[in-house]
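Can you build the whole structure from these sequences, using the hints too?
Keeping their order, the protein sequence lines are chains A and B.
Those letters in the first sequence? Residues 1 to 646, per the numbering used here, in order.
Those letters in the second sequence? Residues 1 to 156, per the numbering used here, in order.
Derived from the structure by calculation, the hints contain no laboratory data.
Take the hints with a grain of salt, since some may be wrong.
[Claimed, not checked] Distance condition first, Cα-Cα at most 25 angstroms in a straight line; then the derived SDA-like pairs of lysine to any residue:
id	chain 1	residue 1	chain 2	residue 2
1	B	K44	A	L607
2	B	K44	A	V60
3	B	K44	A	Q268
4	B	K72	A	M578
5	A	K637	A	F308
6	B	K128	A	I3
7	B	K47	A	E83
8	B	K44	A	Q632
9	B	K47	A	Y387
10	B	K128	A	Q632
11	B	K72	A	F449
12	A	K580	B	F67
13	B	K121	A	F633
14	B	K128	A	G623
On a predicted model such as this, the values are computed, not experimentally measured, just so you know.
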Amino acid sequence: MSIVAMQKVQLVALAEDQAEIIKLLQESEIIEITDSSSGDNKLTTAASVETQLAEIKSAVDFLTSLESVKKSFIESFLPAKEEIGEAELMAACHGFECQATLKKCEDIEDHLNNLKNLKTQIQGEKDRLIPFEKLNVPINLIAPSLKTVIILGKIKTKQLAGFSEQLAKLSPASDIQAVSQAKEETYLVIAYLAKDKTKSQDFLSQSAFEAIALPESVRTPKQELAHLKNVLKKTETDLAETMKSAKELGRQLNKLKYMYDLLLEEKQQSDIRQKFGATSRTFIIEGWIKKADLTKTKNQLTKATSAFLLLEIEPNENEKPPVALTNPKALAPFEVITQLYGSPSYNEFDPSILLSFFFIFFFGLCLGDFVYGLVLTVFSLYLMKRYKLPVGGQKLFTLLAVGGLVAAVVGVLTGSYLGFTPAELPATALLSSLQIIDPVKDPLTMLAFSLALGVVQILFGLFIHLALLVKSKNYVSAILDDGLWIFWLSSLVFLAVASALSSPLAGLAGKLSLFGGIALFLTQGRSEPTLLKKGISGLLSLYKVSGYLGDTLSYSRLLALGMSTTIIGAVINILANMVKGTPGIGVALMVLILIIGHLFNLILGVLGAFIHSVRLQLVEFFGKFYEGGGQQFRPFKRMAEYTVLK
Amino acid sequence: MEIGLALALGGVAIAVLFAGMGSAWGIAIAGEAAAGVLTEDPEKFGKLLVMMALPGTQGFYGFLGGFYIMMKVGFLTGATSIGPMTGLQLLFAALPVGIVGCISGIFQGKAAAASIYLIAKRPDETGKAIIIPAMVETYAVLGLLATILMVTGVKI
Chain A
1 MSIVAMQKVQ
11 LVALAEDQAE
21 IIKLLQESEI
31 IEITDSSSGD
41 NKLTTAASVE
51 TQLAEIKSAV
61 DFLTSLESVK
71 KSFIESFLPA
81 KEEIGEAELM
91 AACHGFECQA
101 TLKKCEDIED
111 HLNNLKNLKT
121 QIQGEKDRLI
131 PFEKLNVPIN
141 LIAPSLKTVI
151 ILGKIKTKQL
161 AGFSEQLAKL
171 SPASDIQAVS
181 QAKEETYLVI
191 AYLAKDKTKS
201 QDFLSQSAFE
211 AIALPESVRT
221 PKQELAHLKN
231 VLKKTETDLA
241 ETMKSAKELG
251 RQLNKLKYMY
261 DLLLEEKQQS
271 DIRQKFGATS
281 RTFIIEGWIK
291 KADLTKTKNQ
301 LTKATSAFLL
311 LEIEPNENEK
321 PPVALTNPKA
331 LAPFEVITQL
341 YGSPSYNEFD
351 PSILLSFFFI
361 FFFGLCLGDF
371 VYGLVLTVFS
381 LYLMKRYKLP
391 VGGQKLFTLL
401 AVGGLVAAVV
411 GVLTGSYLGF
421 TPAELPATAL
431 LSSLQIIDPV
441 KDPLTMLAFS
451 LALGVVQILF
461 GLFIHLALLV
471 KSKNYVSAIL
481 DDGLWIFWLS
491 SLVFLAVASA
501 LSSPLAGLAG
511 KLSLFGGIAL
521 FLTQGRSEPT
531 LLKKGISGLL
541 SLYKVSGYLG
551 DTLSYSRLLA
561 LGMSTTIIGA
571 VINILANMVK
581 GTPGIGVALM
591 VLILIIGHLF
601 NLILGVLGAF
611 IHSVRLQLVE
621 FFGKFYEGGG
631 QQFRPFKRMA
641 EYTVLK
Chain B
1 MEIGLALALG
11 GVAIAVLFAG
21 MGSAWGIAIA
31 GEAAAGVLTE
41 DPEKFGKLLV
51 MMALPGTQGF
61 YGFLGGFYIM
71 MKVGFLTGAT
81 SIGPMTGLQL
91 LFAALPVGIV
101 GCISGIFQGK
111 AAAASIYLIA
121 KRPDETGKAI
131 IIPAMVETYA
141 VLGLLATILM
151 VTGVKI
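Written as structure tokens, this is what we have:
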């Protein structure tokens, strides 16, 4: 239906024009290049390019982490790429001393890390010294001598008495001096005779005592502390200065990014060369282009050289053409949903148009609130205007924008305005007259409506399958399989509705469904060899009706999701109303709850509405007729990390 | 007649409690996987956040079911008194959303964690990765639906 016709081509040109032609093809995004190299003369991308890319990337990450501007919340989801003209980009990179900048960046990063480590180290030493500040002896003198051992450390204050007692018992000539006391701990200097060393050491290591080693120095703890304070101050100034120069270097950030993208482009060009075939003077590119683009491609190539040959060739035996979809602009966004399942195969058809109405309607039903819908539409339009989104994102947000409008309409019809009902709003009379159903009060009707939509879509799916069979001239299957099933399912629905309304037509419906069932029983086993097997498999095939029943019930989610958005919205309003009376902060609290609550509900509602509407298309609808399995058309084009060419 | 109201509130508690636990558990499973992936690639936060939020819906369905029962008995607007049998009916009506919500929440969390690994390796396939856990959620939706229909049908 709307799959683009593809042509495999072979391009032969002179080796000297290669660079220019690659550039041209990359810019025009016109051809998907397949591998036509003989395989033995593989050129590999220079490893140095890869290293260089990695180096620039790490420098960019480092400089970005120093930038004081925080990304907006939205940007953390959609990293915005800078728009820049190619000439501008080249000019910026020209004469830019990339290596020097990288070196500088690396140096600064190292220096910063060293300083940070030093700072932590000094801080640690200071912390250890402070409790012993009162010791008025140079630190290097607090050391074991020939006859005595001196140890510094701390112990929990409540364990101190027991500890001293035990040590005194063990080594009578020992001495414990408390130097200072912090919250729960006492800092001690312990001295004992060297001859008691082994047993004292054993005792100390088993007790709750914790030894502390002071930094080595000839100064007293107090002097050392003063000294450390000076060093720390110096380190901090140094740190601040380095930060400043790092920030200055941050001005080169843009150029680094440009450089990265430029190198990336070169890498792609050299990567793609590996797929080329070659003779001594020429090179050969094979690939797929859209049939309609043939002349355009020739015209483009003429810009680079006149010495080329563009041949239409036959694909290899097992080669399948890549698939590109084309739809009228208004319906193109729905391709996103088809792509989610997977591209159709080349000789299948594109179901995007067929699902468009169902999807957008289901989305609206699931979100189903006037205000939420409008907010979603406005937000999507804003995003598309503000950020240069890739094609896929553009399509997705178009879908959401339209879906929001449908949701707003559904919201009016079901009387849901930010969770409020028309009765709670001004202009009640007008809004109530627009409301045709209240799903919260009357869920059964809404459920019936949801299931009816399901029946419609499932039968539609079967019709499509029937049409496909007719197209492939498989009339027997078309009539006996799809035709009979459609007939039987419709008659069953007819029967269910008629008996639910106790209509006199129920009898007729019953006869019709009996007829349908018998017809299926007689025909579904027709491919089996024996009469017995025909009968059994005909009977078993009727069991498929449970599958259709399950599919139909699956559409009940339309009701459940629509109601949940509305009711949660209403709950948020009730909660907000409850806190309104809080003295002082009541109104502020109410506004806070309203904003956060509704925002949350909106995000959750949109997510749920999208996922479940997609699911109904992919599982319940596509299951009836669609196969997929095609390769998406991916033309050779510029891929950049930070920039978009104007 | 207070026992009737107590039973109905028991139903509210079951709906909110179990479905909420299931969601919390499921999000934790998905969150552990997401945190692991983020250590390698913090840029994926946006995508993974969506995956982590997926098992969160059960908690809302439970809350919704509970709230529906509260509205039914008029609990927030000055409770009407209801008979013990009516209360018991509402209690039973709460079971589908509570219990299915709990179990499907946990399992949706597992499916979401698996999808998170899929995104880690093939970020282009995020769309498909989102659909997989959503398949599990279907049954929570059905549970909610059953609860809502049952509550609607109860006569006060």
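Hint check results:
1. About 18 angstroms separates the Cα atoms of K44/B and L607/A, which keeps this hinted pair within 25 angstroms; it holds.
2. Straight-line distance between C-alpha atoms of K44/B and V60/A comes to about 18 angstroms, which keeps the hinted pair within the 25 angstroms bound.
3. With a C-alpha separation of about 24 angstroms, the suggested pair K44/B and Q268/A falls inside the 25 angstroms cut-off, and the hint holds.
4. A hinted pair counts as satisfied when its Cα atoms are at most 25 angstroms apart, and K72/B with M578/A qualifies at roughly 19 angstroms.
5. With a C-alpha separation of about 21 angstroms, the suggested pairing of K637/A with F308/A holds against the 25 angstroms cut-off.
6. Restraint check for K128/B and I3/A: satisfied, since their Cα atoms lie roughly 22 angstroms apart, inside the 25 angstroms limit.
7. With a C-alpha separation of about 24 angstroms, the suggested pair K47/B and E83/A falls inside the 25 angstroms cut-off, and the hint holds.
8. Distance hint between K44/B and Q632/A is fulfilled; the C-alpha atoms sit about 24 angstroms from each other, no more than 25 angstroms.
9. For the hint pairing K47/B with Y387/A, the CA-to-CA distance comes to about 18 angstroms; that is within 25 angstroms, so the pair holds.
10. This hinted pair checks out: K128/B and Q632/A have alpha carbons roughly 15 angstroms apart, not beyond 25 angstroms.
11. This hinted pair checks out: K72/B and F449/A have alpha carbons roughly 23 angstroms apart, not beyond 25 angstroms.
12. Note on K580/A and F67/B: the hinted pairing holds, with a Cα-Cα distance of about 20 angstroms set against a maximum of 25 angstroms.
13. For the given pair, K121/B sits about 21 angstroms from F633/A by alpha-carbon distance, which is consistent with the 25 angstroms threshold.
14. Taking the CA atoms of K128/B and G623/A, the gap is near 16 angstroms; set against the 25 angstroms cutoff, the hint holds.
In this structure, none of the earlier numbered hints is contradicted; all agree with it.
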